[in-house]
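> These are the residues of each chain, in order.
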Amino acid sequence: METTLSVQIVYQRPRSLTAVPMHYCPGCTHGIAHRLIAEVIDELGIRERTIGVAPVGCSVFAYNYFDCDFVEAAHGRAPAMATGIKRLLPDRVVFTYQGDGDLASIGMGEIIHAAGRGENITVFFINNAIYGMTSGQMAPTTLPGQKTTSSPQGRDVETMGYPLRMAELLANLDGAGYVVRRSLHDPKNIRMAKKAIRLAFETQLRGLGFAMVELLSTCSTNWGLSPLESLRWLEEHMIPYYPIGDFKVAEALQAIKV
Amino acid sequence: MAKELLKGNIAMAEAAIRAGLEGYFGYPITPQTELLEWMAERMPALGRAFLQAESEVAAINMLYGAACTGARVMTSSSSPGISLMMEGLSYIAGTEVPAVIIDVVRGGPGLGNIAPSQGDYNQIVHGGGHGDYHPIVLAPASVQEAVDLVVLAFDLAEKYRTIVFIMADGNIGQMMEPAELPPMRPIRTEYPDWAVRGAMGRERRILSSIYIDPKDEEVTNYRLLQVWNRIQAAEIRYREYFLEDADYVVIGFGTAGRIALSAVRMARAEGMRVGLLRPITLSPFPHPQIENLIPQVEGILVVEMNSGQMLEDVQKAVRGRVPVEFYGRLGGMVPFPDEILAEIRRMCREGIPPDGDPRQRWMKRFAPIIRWHD
Amino acid sequence: MQTEILIAGFGGQGVLFAGQVLAYAAMDAGCEVTWIPSYGPEMRGGTANCTVIISDEEIGSPLVLNPRGVIALNLPSLDKYEPLVKPGGVLVVNSSLVNRGSRREDIESVFIPASEIAESLGNRRLLNMVALGALVAKLPVLSLDQVKRALEDHLPERHKQFLQANLQALDAGASFALSVSRVGV
Numbered sequence: 001m002e003t004t005l006s007v008q009i010v011y012q013r014p015r016s017l018t019a020v021p022m023h024y025c026p027g028c029t030h031g032i033a034h035r036l037i038a039e040v041i042d043e044l045g046i047r048e049r050t051i052g053v054a055p056v057g058c059s060v061f062a063y064n065y066f067d068c069d070f071v072e073a074a075h076g077r078a079p080a081m082a083t084g085i086k087r088l089l090p091d092r093v094v095f096t097y098q099g100d101g102d103l104a105s106i107g108m109g110e111i112i113h114a115a116g117r118g119e120n121i122t123v124f125f126i127n128n129a130i131y132g133m134t135s136g137q138m139a140p141t142t143l144p145g146q147k148t149t150s151s152p153q154g155r156d157v158e159t160m161g162y163p164l165r166m167a168e169l170l171a172n173l174d175g176a177g178y179v180v181r182r183s184l185h186d187p188k189n190i191r192m193a194k195k196a197i198r199l200a201f202e203t204q205l206r207g208l209g210f211a212m213v214e215l216l217s218t219c220s221t222n223w224g225l226s227p228l229e230s231l232r233w234l235e236e237h238m239i240p241y242y243p244i245g246d247f248k249v250a251e252a253l254q255a256i257k258v
Numbered sequence: 001m002a003k004e005l006l007k008g009n010i011a012m013a014e015a016a017i018r019a020g021l022e023g024y025f026g027y028p029i030t031p032q033t034e035l036l037e038w039m040a041e042r043m044p045a046l047g048r049a050f051l052q053a054e055s056e057v058a059a060i061n062m063l064y065g066a067a068c069t070g071a072r073v074m075t076s077s078s079s080p081g082i083s084l085m086m087e088g089l090s091y092i093a094g095t096e097v098p099a100v101i102i103d104v105v106r107g108g109p110g111l112g113n114i115a116p117s118q119g120d121y122n123q124i125v126h127g128g129g130h131g132d133y134h135p136i137v138l139a140p141a142s143v144q145e146a147v148d149l150v151v152l153a154f155d156l157a158e159k160y161r162t163i164v165f166i167m168a169d170g171n172i173g174q175m176m177e178p179a180e181l182p183p184m185r186p187i188r189t190e191y192p193d194w195a196v197r198g199a200m201g202r203e204r205r206i207l208s209s210i211y212i213d214p215k216d217e218e219v220t221n222y223r224l225l226q227v228w229n230r231i232q233a234a235e236i237r238y239r240e241y242f243l244e245d246a247d248y249v250v251i252g253f254g255t256a257g258r259i260a261l262s263a264v265r266m267a268r269a270e271g272m273r274v275g276l277l278r279p280i281t282l283s284p285f286p287h288p289q290i291e292n293l294i295p296q297v298e299g300i301l302v303v304e305m306n307s308g309q310m311l312e313d314v315q316k317a318v319r320g321r322v323p324v325e326f327y328g329r330l331g332g333m334v335p336f337p338d339e340i341l342a343e344i345r346r347m348c349r350e351g352i353p354p355d356g357d358p359r360q361r362w363m364k365r366f367a368p369i370i371r372w373h374d
Numbered sequence: 001m002q003t004e005i006l007i008a009g010f011g012g013q014g015v016l017f018a019g020q021v022l023a024y025a026a027m028d029a030g031c032e033v034t035w036i037p038s039y040g041p042e043m044r045g046g047t048a049n050c051t052v053i054i055s056d057e058e059i060g061s062p063l064v065l066n067p068r069g070v071i072a073l074n075l076p077s078l079d080k081y082e083p084l085v086k087p088g089g090v091l092v093v094n095s096s097l098v099n100r101g102s103r104r105e106d107i108e109s110v111f112i113p114a115s116e117i118a119e120s121l122g123n124r125r126l127l128n129m130v131a132l133g134a135l136v137a138k139l140p141v142l143s144l145d146q147v148k149r150a151l152e153d154h155l156p157e158r159h160k161q162f163l164q165a166n167l168q169a170l171d172a173g174a175s176f177a178l179s180v181s182r183v184g185v
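Protein chains in written order, with the numbering used here: chain V, 1 to 258; chain B, 1 to 374; chain S, 1 to 185.
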């Protein structure tokens, strides 16, 4: 009797990721976000015409991990830089990958105007409620009462203001074609996030305007929690303030099934 | 092509378009707004990229992104806007992508006014943005020169992968003069081997100004200096007037330089042997040309529409071997030739003190002239 | 040889355009020429002026303290620029809008009711061309024909319907200036 062992690949590195070990901390969800984006680029077959724009923040080295052309922006300016590229090369796929300090603090002007212009770019917004790269200061998305190195007694909204809900804010703008929030804290949400990433690229490919996926993420190192505790903390504390949902989906996108 | 009567701002814009400009990003600010408006009219009609950015910060970063595609791209602004662009400029310098920036300088500091000034000399010539870098800075004195230098700016920017500034002022931007525009160059079809345009059938490319290991940043900075040395050796430009037999020389650039030309002619008519050196490249600065003048002249008068920013570069070149005098107007005031003529007369008749600070002497002479109250 | 002309008046009196006509004529005559406006807030309704320098060599300063020709289209311009006209120079004044006479003996002053002449030609906005015609008649830098040809050649297409009226205005200004000088000012 002859036995045939059939070998099936069930998991491998996407073509659009490089074979470079990531510098992110153990338990960080950047790796998941990178992988999802790379998988979608592969599935859409757009790697050779995709140009990424890296931010300043923990993902400042994102260009090391994606196997496509990349540029590195000044802090907060990725949407402006992406605009410059997209205007010169309208048939390329241009995406930015930005953290909460980059996008919602120093880069607020650039992101709002990119969305307002309906700039046909795709933005991935990693919201982990803290400044990771500079080791744990308050971000514009830090929750009320949350302790950081620059809000050691917890964020007091009376003096430090309220967290910004960027997806809700940008969805108000007419130029926005697709603005949603997803989370990376469990497999179900990760699958939902991947679908959103796909739709965000589809938005650009169909010329439907500005697209952003806000991804709720963890920062075990600066939250001072274990990776598992971090995922739980995200679910229990961040999601109530930053609800998962679709805030703007252009009509032409609603028919797409992914 | 025949000469046309052209306004400086529009002439510079059209010259850029004809030089093969593919993308323009800018923000309205007086006295350069006609340049942006011309781009708004012409660029889309030619199927090229024009965008009015939400700020100069955004404009320079759009330019940065666009420059990474290897296309000919440009922005323009005036002094306060250029201040806002300094961050992006440093990134462009650090990434070594070519970019052309026109600064139609106005009176400052702060909001200042919209009158012609040369107060941005230090900000542009000696950096402004953080880190070690040297842009090329070209200073036109007429509309025709502005046209020619804009075209040159793109060629130099690409040759050396560097920032090239056109440092004009409100006069150059607003005046009309007959000028001949260059023929329309076709948009390029081949892009440099560093350009980020999508990794089609090739290895990916990354453009960045980050060198996280200081050893790598040191190598990069050294390489930038090597490029700068090549630029210094090959790209100095200037105009000389009446220098053959000159005992005294006036040095001034841009509008101040051409006003000084009128004064020098008047002085010549009065029999004074005075000449003019008008630097066209402020960076690289014409040190060798000043060196050549040292054995010949008895004194140098530096004329600027600022408080003596280039004066310090002249003094660096002179190193005390010849006495130097200074005359400046400030804050958007423009000198008349008669004022400079008076300085030339005094210099030729009384000579210049061999030591002391030319700026301090000028301040003393200038105090009674300045209009403290209207 | 260099000739400097300063034209000043209220915003809307066609000061800048009159200077441009002169600049075109100079360019077409093969001269070096620089036209420079006072720019900024005064463009919006206050006083405006421009300087035109015509030369046979590279032009130095675009602005001069003492121009050889001045056109003052209103009283503030007369008060400001009359004292600055180079001795032996020419001053053309729109007498329709000033209430005084000349204060200089060492220049040639032409007081011309430019607004009224323009109105008699059917359009008060022609006053700038009336005044320019008077200046050109008095200042030996460009001929009236050269200026008229410049207007014909460079008037934007959308304004072509005003060409004949503008040419008439130039003629009217020039003949007025020549007639007053015959009887002496």
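In case anyone wonders, no lab produced these hints; they're calculated from the structure. Given the structure is predicted, the values throughout are model-derived calculations rather than measurements. Among the hints, erroneous ones may be present.
[What the hints assert, rightly or not] Computed spacing ranges between beta-carbons, pair by pair: (1) P152/V to D213/B: 27 to 37 Å; (2) F162/S to M200/B: 55 to 65 Å; (3) D213/B to C25/V: 16 to 26 Å; (4) P353/B to T159/V: 58 to 68 Å; (5) A234/B to T159/V: 42 to 52 Å; (6) P354/B to L75/S: 31 to 41 Å; (7) G118/V to D155/B: 44 to 54 Å.
[As the list claims (entries may be wrong)] Computed footprint of chain V on chain B; a stretch qualifies when at least three of its residues, placed anywhere within it, have a C-beta under 8 Å from a C-beta of chain V: (8) 18-31; (9) 45-55; (10) 197-210; (11) 247-260.
Glycine included, each C-beta is placed from N, C-alpha and C at the ideal position.
> Indicate, hint by hint, whether the structure satisfies it.
Verification of the hints:
A hinted range of 27 to 37 Å for the beta carbons of P152/V and D213/B is consistent with their spacing of about 33 Å. Roughly 57 Å separates the CB atoms of F162/S and M200/B, a value that falls within the hinted 55 to 65 Å. Restraint check, D213/B to C25/V: a C-beta distance of roughly 20 Å satisfies the suggested window 16 to 26 Å. A hinted range of 58 to 68 Å holds for the C-beta pair P353/B and T159/V, which are about 59 Å apart.
Taking 42 to 52 Å as the suggested C-beta distance range, the pair A234/B and T159/V does not conform, at roughly 58 Å. For the hinted restraint 31 to 41 Å between P354/B and L75/S, the CB-CB distance of approximately 52 Å leaves it violated. Look at G118/V against D155/B: about 36 Å separates their beta carbons, and that is not inside 44 to 54 Å. For a cut-off of 8 Å, the count of residues in the segment 18-31 of chain B with a CB near a CB of chain V stands at 3, and the three-residue condition holds.
Evaluation of the coverage hint for the segment 45-55 of chain B: fulfilled, as 5 residues show C-beta separations to chain V shorter than 8 Å, against a requirement of three. Counting residues of the segment 197-210 of chain B whose CB lies closer than 8 Å to any CB of chain V gives 12, which reaches the minimum of 3, so the coverage claim holds. Chain V is given as covering the segment 247-260 of chain B, and this is violated because 0 residues of the stretch bring a CB closer than 8 Å to a CB of that chain, at least three being needed.
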